[in-house]
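Protein chains: 2
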Amino acid sequence: MIGGGQLARMTHQSAIALGQCLRVLAGSASEPAAAVSPDVVLGSHDDLDDLLRAAEGAVALTFDHEGVPLDHLRALEARGVVVRPPSAALQYAQDKMLMRERLAKLGLPVPAFVDLSGDVAAARAALIEFGAAQDWQIVLKAVRGGYDGRGVWLIDGDEAAALAAFDAAAGGDTVLMAEQKVPMARELSAMIARSPHGQGAAWPVVETIQRKGQCAVVLAPAPGLDPETAQRAQQMALALADELGVVGNMAMELFETVDGDLVVNELAMRPHNSGHWTMDGAVTSQFEQHLRAVLDYPLGATAATSDVVVMANILGAEQAPAMSMDERLHHLMARMPEAKVHLYGKDERPDRKVGHLNIVGRPGQSLDDVRERAERAAHWMSHGVWTDGWDPHEGEN
Amino acid sequence: MIGGGQLARMTHQSAIALGQCLRVLAGSASEPAAAVSPDVVLGSHDDLDDLLRAAEGAVALTFDHEGVPLDHLRALEARGVVVRPPSAALQYAQDKMLMRERLAKLGLPVPAFVDLSGDVAAARAALIEFGAAQDWQIVLKAVRGGYDGRGVWLIDGDEAAALAAFDAAAGGDTVLMAEQKVPMARELSAMIARSPHGQGAAWPVVETIQRKGQCAVVLAPAPGLDPETAQRAQQMALALADELGVVGNMAMELFETVDGDLVVNELAMRPHNSGHWTMDGAVTSQFEQHLRAVLDYPLGATAATSDVVVMANILGAEQAPAMSMDERLHHLMARMPEAKVHLYGKDERPDRKVGHLNIVGRPGQSLDDVRERAERAAHWMSHGVWTDGWDPHEGEN
Numbered sequence: 001m002i003g004g005g006q007l008a009r010m011t012h013q014s015a016i017a018l019g020q021c022l023r024v025l026a027g028s029a030s031e032p033a034a035a036v037s038p039d040v041v042l043g044s045h046d047d048l049d050d051l052l053r054a055a056e057g058a059v060a061l062t063f064d065h066e067g068v069p070l071d072h073l074r075a076l077e078a079r080g081v082v083v084r085p086p087s088a089a090l091q092y093a094q095d096k097m098l099m100r101e102r103l104a105k106l107g108l109p110v111p112a113f114v115d116l117s118g119d120v121a122a123a124r125a126a127l128i129e130f131g132a133a134q135d136w137q138i139v140l141k142a143v144r145g146g147y148d149g150r151g152v153w154l155i156d157g158d159e160a161a162a163l164a165a166f167d168a169a170a171g172g173d174t175v176l177m178a179e180q181k182v183p184m185a186r187e188l189s190a191m192i193a194r195s196p197h198g199q200g201a202a203w204p205v206v207e208t209i210q211r212k213g214q215c216a217v218v219l220a221p222a223p224g225l226d227p228e229t230a231q232r233a234q235q236m237a238l239a240l241a242d243e244l245g246v247v248g249n250m251a252m253e254l255f256e257t258v259d260g261d262l263v264v265n266e267l268a269m270r271p272h273n274s275g276h277w278t279m280d281g282a283v284t285s286q287f288e289q290h291l292r293a294v295l296d297y298p299l300g301a302t303a304a305t306s307d308v309v310v311m312a313n314i315l316g317a318e319q320a321p322a323m324s325m326d327e328r329l330h331h332l333m334a335r336m337p338e339a340k341v342h343l344y345g346k347d348e349r350p351d352r353k354v355g356h357l358n359i360v361g362r363p364g365q366s367l368d369d370v371r372e373r374a375e376r377a378a379h380w381m382s383h384g385v386w387t388d389g390w391d392p393h394e395g396e397n
Numbered sequence: 001m002i003g004g005g006q007l008a009r010m011t012h013q014s015a016i017a018l019g020q021c022l023r024v025l026a027g028s029a030s031e032p033a034a035a036v037s038p039d040v041v042l043g044s045h046d047d048l049d050d051l052l053r054a055a056e057g058a059v060a061l062t063f064d065h066e067g068v069p070l071d072h073l074r075a076l077e078a079r080g081v082v083v084r085p086p087s088a089a090l091q092y093a094q095d096k097m098l099m100r101e102r103l104a105k106l107g108l109p110v111p112a113f114v115d116l117s118g119d120v121a122a123a124r125a126a127l128i129e130f131g132a133a134q135d136w137q138i139v140l141k142a143v144r145g146g147y148d149g150r151g152v153w154l155i156d157g158d159e160a161a162a163l164a165a166f167d168a169a170a171g172g173d174t175v176l177m178a179e180q181k182v183p184m185a186r187e188l189s190a191m192i193a194r195s196p197h198g199q200g201a202a203w204p205v206v207e208t209i210q211r212k213g214q215c216a217v218v219l220a221p222a223p224g225l226d227p228e229t230a231q232r233a234q235q236m237a238l239a240l241a242d243e244l245g246v247v248g249n250m251a252m253e254l255f256e257t258v259d260g261d262l263v264v265n266e267l268a269m270r271p272h273n274s275g276h277w278t279m280d281g282a283v284t285s286q287f288e289q290h291l292r293a294v295l296d297y298p299l300g301a302t303a304a305t306s307d308v309v310v311m312a313n314i315l316g317a318e319q320a321p322a323m324s325m326d327e328r329l330h331h332l333m334a335r336m337p338e339a340k341v342h343l344y345g346k347d348e349r350p351d352r353k354v355g356h357l358n359i360v361g362r363p364g365q366s367l368d369d370v371r372e373r374a375e376r377a378a379h380w381m382s383h384g385v386w387t388d389g390w391d392p393h394e395g396e397n
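Protein chains in written order, with our numbering: chain A, 1 to 397; chain D, 1 to 397.
Hints are not guaranteed to be accurate.
What the hints assert, rightly or not - Label pairs and their computed distance ranges (CB to CB): (1) Y147(A) - S30(D): 24 to 30 Å; (2) G57(A) - Q210(D): 50 to 56 Å; (3) D47(A) - E394(D): 34 to 40 Å.
What the hints assert, rightly or not - Example chain A residues on the side facing chain D (calculated, C-beta under 10 Å, incomplete): (4) A132; (5) Q134; (6) D135; (7) Q137; (8) I209; (9) R211; (10) G213; (11) D326; (12) R335.
Rather than coming from a laboratory, the hints here were simulated on the basis of the structure.
Ideal Cβ placement from N, Cα and C applies to all residues, glycine included.
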């Protein structure tokens, strides 16, 4: 697996059960996955020689991020390395503009969008035309390299802010695109896996709650989601994975609009934050499933094992809490013996994902109850402060 | 963790979630745990220097087997190493005679037994007296070092066989004891964990099914077990762990007699085969719990997540199947996407435990259904032959 982050770390846990050991290409021995696997190749995902060293003798090569240059992926494939997902698929997760164009061609619901690459003056003019048509209710996005809210600018009607962001990006050689801001009710994620044989398997569609531009909480399954809408989301994801030739996991992030329609937001072709709930709440976790797909095993059952599962991320606080992470874990375990904590072995930095936890509902427990505990636990682990959980009216206007 | 076997391997999986990495003392880099953890000390559990090297800088030292000499444990403790469970407790899991005497003194129900250590002629005479009194319905056991049916001789009324086994053992310097053969209905296991603070937590009592002297199948919870009997078993285990000062997991193997009484058979103070079902079927797995106890975290919830969970061991076959383990795994996954397989990365040898699998019942699924699938899956994985599962009338007279 290329990348030594938490996704590789948790994939190694699943590899162990399958009688395997995950080799990781990591930048340093202290990265989350490199710290727990004995098979570490130190190097950079930007360096083809390092990638080749990592691939040597491996059955297949896969990823914990989208950062490997497309040319390198093609070079690996040309030398016979089994790259999963293949570059022909992964390029759509790497390049938001390419993804938008392909999805639009396939007739999938996407927001209105405009390409801002190429000649800067022409792109600026295109932005002004597009923005005006949308009353500047638009989102600017870096075509490549954004994640967890980085590389995304929400333009809330402010033309000057949009143009300033464009000019700054153009000055720094960041290629942008612009999209219509969808009048959404909430965000969903449809996670599926696809094997080289074309077997597909979909987990229940979940609701994702974003804070500061990154995933904070996942409700599984998405509460109150119309079953037909859920099925439509799963079918869209399965059909798209088939169309693009995805191998491995794919998360299709969706907006559910105020009218109940679905609009595709982003794609990820790897284990994904919106699938962490499966580690404790589904028959097959996303990490085992990704390995099954990449290693060409039949896929595992995707049913949830409970009516309600809530995942909450543990994030680095602005101010490091007085208590150490280890002390906070002690207190959490004493208060909530049912909490399933997953720590990544990362230093705490503001808003950095350093772990997550799952609360799996027991029969008769309500979503509000389960979510309250998950949010309270994650807030404690992040900030070292006990609160009453979350505000059920958060986000209401 | 001293020992590089599958118990350490699976403990490492749980350590990862707690933000840790398990150091193992292993005999070779290819042992199950050494193959998946980057923190391996190569050496022998019989060598005090190796034990000291493994303990250096570790928060605590624990075990995946009972094989460390007691004197070494005491020497480690004398040097300030935090040994969990401590030698004062672990000696009872290492020495069956010591365990029997202690349990009898504490008033716990044990079979009639006789010490056969010391002078060979006197011990032989004691055996003849004890055997005759029991109509030779006795079991001979090596006081130390037996496991998975090794070091146990079932004497089914055959005096000559008993004396032959005694003479062979005495010639080989194996110290024996003899026990009454209990007229049992079935075997149970009461698994608990105890923290250094004395917190105790008990999983549901399970039924264990032995074949060829070793655990083959576990039914969780033990079907049809009288709730008062189950509670009595849990209380016995918790009270004993407290009395002995156990830290970590303890499995109390029990006979349920034909009269519905309980008799203590064996003790293990570590993760145990009878607790493998917890990996997929309980809120907290035995491996996470053992770590929590040994590292002095509050213990996790022990509830089963399903009404029925069946664990079945994958054993090496007498004749290696034509299909490789990997091919068999492919076929199993295709047939049973719900099977949770745990492979240990071990070579297959006759009757050697090379993995296990859990089937977690879904609402409405019967024990017979779940067990049939688990046994069929394990038989396939062991032998490469599909059968109809197991004979529900097995063991009936």
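Hint check results:
1. Y147(A) - S30(D): 24 to 30 Å: violated (38 Å)
2. G57(A) - Q210(D): 50 to 56 Å: violated (41 Å)
3. D47(A) - E394(D): 34 to 40 Å: violated (59 Å)
4. A132: violated (50 Å)
5. Q134: violated (45 Å)
6. D135: violated (47 Å)
7. Q137: Violated, about 42 Å.
8. I209: Hint on I209(A): violated, closest Cβ of chain D at ~23 Å, above 10 Å.
9. R211: Given a least distance of 23 Å, the restraint on R211(A) is violated.
10. G213: violated (25 Å)
11. D326: holds (8 Å)
12. R335: At 8 Å from the nearest chain D Cβ, R335(A) passes the 10 Å test, so the hint holds.
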